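Starting from the given sequences, assemble the full structure and let the hints guide the process.
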Amino acid sequence: MPTTTFSEHIPDLDLITWYAENNKSVFAFMSPWTKFAILTLLVVLVTVLHSIILLISIYVAVICIYLIAGLPAKKLILWYTLPILFVFSLIGILVWGEPGFPLISLKIFGLTAILTDKGVLIAISLLIKALTMVTFSLFILMTTRYSYLATVIERIFPAPLDQIFLLSYRFLFLTISMTAAMLKAVCSRGGGVIYSIRMQGKIFAEVFALVFIRSFDRAERVHKAMIARGYKGHFSMNNEVPAPSQYGMISIVIFSIIVIAILIASQLKWGLNIL
Amino acid sequence: MAHIHLEDGSFTLFWVIVWWLCALVLIGSALFLLRIKKTKDVKKITMAAFVTAASFAIFQVQIPIFGGVHLNLTPLIGILAGPVFGTLIVFIVNIMSAAIGHGGWGLIGANVLVNFSEVIVAYLSYRGLKKVTSSLFFRAGIATFVGLICGNIVMIAIILISGIQGITQSTLQILTGLSLLAAVNMGVAVIEAFITGLIVAYIGKVRPDILEGTVS
Numbered sequence: 001m002p003t004t005t006f007s008e009h010i011p012d013l014d015l016i017t018w019y020a021e022n023n024k025s026v027f028a029f030m031s032p033w034t035k036f037a038i039l040t041l042l043v044v045l046v047t048v049l050h051s052i053i054l055l056i057s058i059y060v061a062v063i064c065i066y067l068i069a070g071l072p073a074k075k076l077i078l079w080y081t082l083p084i085l086f087v088f089s090l091i092g093i094l095v096w097g098e099p100g101f102p103l104i105s106l107k108i109f110g111l112t113a114i115l116t117d118k119g120v121l122i123a124i125s126l127l128i129k130a131l132t133m134v135t136f137s138l139f140i141l142m143t144t145r146y147s148y149l150a151t152v153i154e155r156i157f158p159a160p161l162d163q164i165f166l167l168s169y170r171f172l173f174l175t176i177s178m179t180a181a182m183l184k185a186v187c188s189r190g191g192g193v194i195y196s197i198r199m200q201g202k203i204f205a206e207v208f209a210l211v212f213i214r215s216f217d218r219a220e221r222v223h224k225a226m227i228a229r230g231y232k233g234h235f236s237m238n239n240e241v242p243a244p245s246q247y248g249m250i251s252i253v254i255f256s257i258i259v260i261a262i263l264i265a266s267q268l269k270w271g272l273n274i275l
Numbered sequence: 276m277a278h279i280h281l282e283d284g285s286f287t288l289f290w291v292i293v294w295w296l297c298a299l300v301l302i303g304s305a306l307f308l309l310r311i312k313k314t315k316d317v318k319k320i321t322m323a324a325f326v327t328a329a330s331f332a333i334f335q336v337q338i339p340i341f342g343g344v345h346l347n348l349t350p351l352i353g354i355l356a357g358p359v360f361g362t363l364i365v366f367i368v369n370i371m372s373a374a375i376g377h378g379g380w381g382l383i384g385a386n387v388l389v390n391f392s393e394v395i396v397a398y399l400s401y402r403g404l405k406k407v408t409s410s411l412f413f414r415a416g417i418a419t420f421v422g423l424i425c426g427n428i429v430m431i432a433i434i435l436i437s438g439i440q441g442i443t444q445s446t447l448q449i450l451t452g453l454s455l456l457a458a459v460n461m462g463v464a465v466i467e468a469f470i471t472g473l474i475v476a477y478i479g480k481v482r483p484d485i486l487e488g489t490v491s
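These protein sequence lines are chains Y and B, in that order.
The opening position of the first sequence corresponds to residue 1 in this note's numbering, with each subsequent residue numbered one higher.
The opening position of the second sequence corresponds to residue 276 in this note's numbering, with each subsequent residue numbered one higher.
Hints in this document: simulated from the structure, not taken from any laboratory.
Certain hints may be false.
[Unchecked claim] Pairwise CB distance ranges (calculated):
#: 1; chain 1: B; residue 1: Asp484; chain 2: Y; residue 2: Ile258; range: 54 to 60 angstroms
#: 2; chain 1: B; residue 1: Lys406; chain 2: Y; residue 2: Leu106; range: 28 to 34 angstroms
#: 3; chain 1: B; residue 1: Val459; chain 2: Y; residue 2: Val120; range: 17 to 23 angstroms
#: 4; chain 1: B; residue 1: Phe413; chain 2: Y; residue 2: Ser177; range: 16 to 22 angstroms
#: 5; chain 1: Y; residue 1: Val186; chain 2: B; residue 2: Ile428; range: 31 to 37 angstroms
#: 6; chain 1: Y; residue 1: Ile56; chain 2: B; residue 2: Gly403; range: 47 to 53 angstroms
#: 7; chain 1: Y; residue 1: Pro102; chain 2: B; residue 2: Leu299; range: 42 to 48 angstroms
#: 8; chain 1: Y; residue 1: Gln267; chain 2: B; residue 2: Lys406; range: 53 to 59 angstroms
[Claimed, not checked] Think about it this way: if two alpha-carbon atoms lie no more than 25 angstroms apart in a straight line, the pair counts; the simulated DSS-like pairs of lysine-lysine are:
#: 9; chain 1: Y; residue 1: Lys184; chain 2: Y; residue 2: Lys224
#: 10; chain 1: B; residue 1: Lys318; chain 2: Y; residue 2: Lys224
#: 11; chain 1: Y; residue 1: Lys232; chain 2: B; residue 2: Lys312
#: 12; chain 1: B; residue 1: Lys480; chain 2: Y; residue 2: Lys202
Note that the structure is a prediction, hence the values are computed from the model and not measured.
Every residue, glycine too, gets a C-beta built ideally from N, C-alpha and C.
Below, the structure is given as structure tokens:
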């Protein structure tokens, strides 16, 4: 299993791609269009839903799908670090002072900050929403082959956006391995040791600058090689992406009806206590 | 992180759509500008793709300062690629980030607007400072810091306009909370400005042609 990881809490693209190319679960044979349609509906659903119980149910369902697909659970927990950090860095400050039953009271610089039950519920709700989307996004990435993803990108985005996207996706693995090699070289020469912020900053800045410089060098070489092979600004994909199956279509229709019903109910304030 | 990646569920559906539409107008304008200039220059597209890949790869590296900092280098994208290609690059980087859970799919629109402000302000500041100082380190460092300040202001403005779902505090209370967040972000922005300054100075020493508008 190939891995190129700089830190345990950032999703490893090599590992993700390995799963995408080697996954043999039922989801690997599902049409990417079905997966992206469900992703879009899921975004709408987590945006309009407020009920903690319903959100937890959706999250559990997504986790089950992730595990049934045979994807790594331990890695997923590590990869949750940054989304959790993003949620709490924003919400962690704003939930203080929400009306409700007080749970914690802190005095900071003469000001009293109160954390209430409603504040905690808001934080939990947003956290579950974020984790649901992270899990489903990684599930899509780890069960969809590169050729399918590339064809979907080419069909969705206009030129030259699709070209930049497709090329950058290909270059990404090259750049990541190049960055990893340079960091390894720095560490093997004692560069990983913190001397001072200035020294540490300088070392990393030089590594990053070299990544850009070598990227440009490679871009020039790749550009010349592509021109020599007849590239004229259009990187076309010849793969056929399977259309949604009958079951896929039924799932999309049912899920769409549920999302539209919840959307209408939330707009008309029906069943407010449930939604 | 010098700005926050907003996660799905933070805004109401109405504001998700509004910010997506604003971002699509920006991206559409960038594509329109490229088409009227008839910029189907294959080399520029290849370079832009490499800048995208490099900035995304660098984002994956944790710098062991203050317990670990990740840099987005969006101002550097502006300096190297310019505002037109920069807009397309930040859009792609945001999609890639959303795919690995760093920012929501629904919030890509808002995140693109935040990043775009960083790209354009850093680009203009970097160009404008040419008359003031010839030091690449100071030009890039100042441009990055100013760009990140603007990114933070745009982020705060977007959050104040949209509101966070479930939060019932007054605008002033939210502003107070966000100011605290912005202060922390500015601490990281100083590190990012310092590192970007060093990166640009190093590129200027080794490959000055890259800074002379290879992509832009």
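Hint-by-hint comparison with the structure:
A C-beta distance of roughly 56 angstroms is found between Asp484 (chain B) and Ile258 (chain Y), which places it inside the suggested range of 54 to 60 angstroms. Distance hint for Lys406 (chain B) and Leu106 (chain Y): a CB-CB separation of about 49 angstroms, inconsistent with the stated range 28 to 34 angstroms. Distance hint for Val459 (chain B) and Val120 (chain Y): a CB-CB separation of about 22 angstroms, consistent with the stated range 17 to 23 angstroms. One distance hint, 16 to 22 angstroms for the beta-carbon pair Phe413 (chain B) and Ser177 (chain Y), is violated here, with the actual separation near 33 angstroms.
Between Val186 (chain Y) and Ile428 (chain B) the beta carbons are some 35 angstroms apart, a value that agrees with the proposed interval 31 to 37 angstroms. The beta-carbon spacing between Ile56 (chain Y) and Gly403 (chain B), approximately 51 angstroms, falls within the hinted interval of 47 to 53 angstroms. Pro102 (chain Y) and Leu299 (chain B) have their C-beta atoms about 43 angstroms apart, which keeps the hinted 42 to 48 angstroms range intact. Distance hint check: the CB atoms of Gln267 (chain Y) and Lys406 (chain B) are about 54 angstroms apart, consistent with the given range 53 to 59 angstroms.
Restraint check for Lys184 (chain Y) and Lys224 (chain Y): the C-alpha separation of about 30 angstroms exceeds 25 angstroms, so the hint is violated. Taken as a hint, the Lys318 (chain B) and Lys224 (chain Y) pair is honoured in the structure, with Cα atoms around 9 angstroms apart against an allowance of 25 angstroms. Annotation: proposed proximity of Lys232 (chain Y) to Lys312 (chain B) holds, straight-line Cα distance about 17 angstroms (limit 25 angstroms). Our distance criterion of 25 angstroms between C-alpha atoms is met by Lys480 (chain B) and Lys202 (chain Y), whose separation comes to about 14 angstroms.
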